[in-house]
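There are 2 protein chains.
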Amino acid sequence: MHILILGAAGMIGRKLAGRLARDAALDGHPVQRLTLADVVAPTAPAGCPGACDCLAVDLSVPGEAAGLASRRPDLVFHLAAVVSGEAEAELEKGYRVNLDGTRALFEAIRREGEGTDWRPRVVFASSTAVFGGPLPDVVDDDYLLTPQTSYGTQKAIGELLLADYSRRGILRGIGLRLPTVCVRPGRPNRAASGFFSGIIREPLAGQEAILPVPDTLRHWFASPRAAVGFMLHAATLDLHRLGDRPNLAMPGLSATVAEQIEALREVAGDRAVALIRREPDPAIERIVEGWARAFDPARALALGFTAETTFADIIRAHVADEMGGRIG
Amino acid sequence: MHILILGAAGMIGRKLAGRLARDAALDGHPVQRLTLADVVAPTAPAGCPGACDCLAVDLSVPGEAAGLASRRPDLVFHLAAVVSGEAEAELEKGYRVNLDGTRALFEAIRREGEGTDWRPRVVFASSTAVFGGPLPDVVDDDYLLTPQTSYGTQKAIGELLLADYSRRGILRGIGLRLPTVCVRPGRPNRAASGFFSGIIREPLAGQEAILPVPDTLRHWFASPRAAVGFMLHAATLDLHRLGDRPNLAMPGLSATVAEQIEALREVAGDRAVALIRREPDPAIERIVEGWARAFDPARALALGFTAETTFADIIRAHVADEMGGRIG
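Protein chains in written order, with our numbering: chain W, 1 to 328; chain Y, 1 to 328.
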């Protein structure tokens, strides 16, 4: 099996590549080749069982998507994106990468597949940012997509393209609306949602963290471990079960910032909590307050997708996976 | 006031231009200039009170949208599109015109407006084809967009772009999801929905018409007269009333094909009805059966949009507006 990961240098991409390399198989099929692509060449995961090609690719540059498609992977994970804060600050870059790049990929697959029976499965990372206020307390699977950011708009467009290209039989798509992935390891990125991880990750490491929004803000979360699990499940699921709606809200858990903080106290004590410094940022609050607070992801649950059910479990997953089980 | 109509050679575009020329004013402002654009140069309406420029423009050709934007109209009606049957048959053409063309227009407005306070109102013609089955019997204003055609996909993407560019303050957008416009005058076009008009229009003119779907098929309609009314109302409405959701389902009426036929009998008698010939077409049925059957357009009604309430009224509007009040 040949697997292509786009956005393989990103956080989820690296974890996914590492997991595929370790497992050396997907759904009983050996992983013979991994093609890892990103705007900077990704690093090959340790112990890759077959061939592993690491490529610097910008999908929005003419010809680059075609080059990837000509490799004819059986499975494509499309995680490449400019994140929300950056897509909001830089309109042209956001549309170029998130819209043009995604469309170039799907078009390259169409052209490469013409006259052949090559129809790769495409797992597309969408986001709950496709939803925007005013929203009901719990968003169900039939609710209107009304993004309030350019990033959310671009992801919603990606979903529509994925559905149309799947319906036409050009590719076999499944789109996953990822909850805010938390706790993100490593350094902050330019996502407006970054503080949700920061207020857990930095205190666990003995460092101060900035909280730019009120404690009462409620949001929808899943761990990086759960996100990788979604991707792998989407890669093996019988796609006929999706009907004509290949895009799905993923499971997660709904928590307020206050509940996040109490879970941090439960796992790491008062000393960690004391490292959170409140510094309101109206620009971040304006972006985040329009986001969904909770979902009823009935379709995804029925299809076997699973996630954590307590925020303390999310924190413990971070401590186990990123900190060797020891709080710094 | 300077008004630009894109798609001005189309059926709604011609009626709208004619109406603006006749009224010579919109919301109390005199119409000083009409710019009418289409892929073939439109014809100027009779009695245009101010300047009237008729241009052949393909929005998807680089530079053409910029040329239009440089004229700085106060109001843009964007009706230009490849219709559903054609966009389904010709993937590249549909995406080029319906997606790239719309995006080029919005981008041209952004660039032209930079550093100025020019922010035109853009009335965008969307379609109920943004919805696809399985659907509830009545679709409300919060229901998910799941197009089952490339045309519907492209219109849904246009809505998302309109909302994002409006939110960013680049333009002042309002998108109208038009019901199937019926009775369309003139010759059939390549829309998959064409027969809904054909089974009324041809018999009224004493000609045979083909019915490719079952009598039980239910659909959502408004007359061309109502559609022009939607456009003019959207052109003058206080857009702040839309909140962050500038795209709206328009009012209409829900009727089965059997109810259409009974209304034809009411207006034109058994002889007209006898001219309808049943000739099932699975390709058309497959497209149309996924479309919405009825809407609860609560937002549009609250904003003052209005349409016919009986199908016989729709037929009478056609007889009055297109046949000089006399059934052929």
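Rather than coming from a laboratory, the hints here were simulated on the basis of the structure. These numbers come from a predicted model, not from an experiment. Built from N, CA and C at the ideal position, the CB exists for glycine as well. Among the hints, erroneous ones may be present.
Here chain Y is said to cover these stretches of chain W; the calculated rule only asks that three of the stretch's residues, wherever they fall, bring their Cβ under 8 Å from a Cβ of chain Y [claimed, not checked]:
id, region
1, 6-15
2, 71-78
Label-pair distances were calculated between CB atoms; the ranges are [stated by the list, open to error]:
id, chain 1, residue 1, chain 2, residue 2, range
3, W, 58, Y, 244, 45 to 53 Å
4, Y, 302, W, 138, 48 to 56 Å
5, W, 215, Y, 51, 14 to 22 Å
6, W, 137, Y, 244, 30 to 38 Å
7, W, 278, Y, 298, 39 to 47 Å
8, Y, 278, W, 30, 51 to 59 Å
9, Y, 258, W, 303, 52 to 60 Å
10, Y, 273, W, 110, 54 to 62 Å
For this session: Could you tell me which of the numbered hints above are not met by this structure, giving the numbers in increasing order?
Result: Result: hints 1, 2, 3, 4, 5, 6, 9, 10 break, sorted rising.
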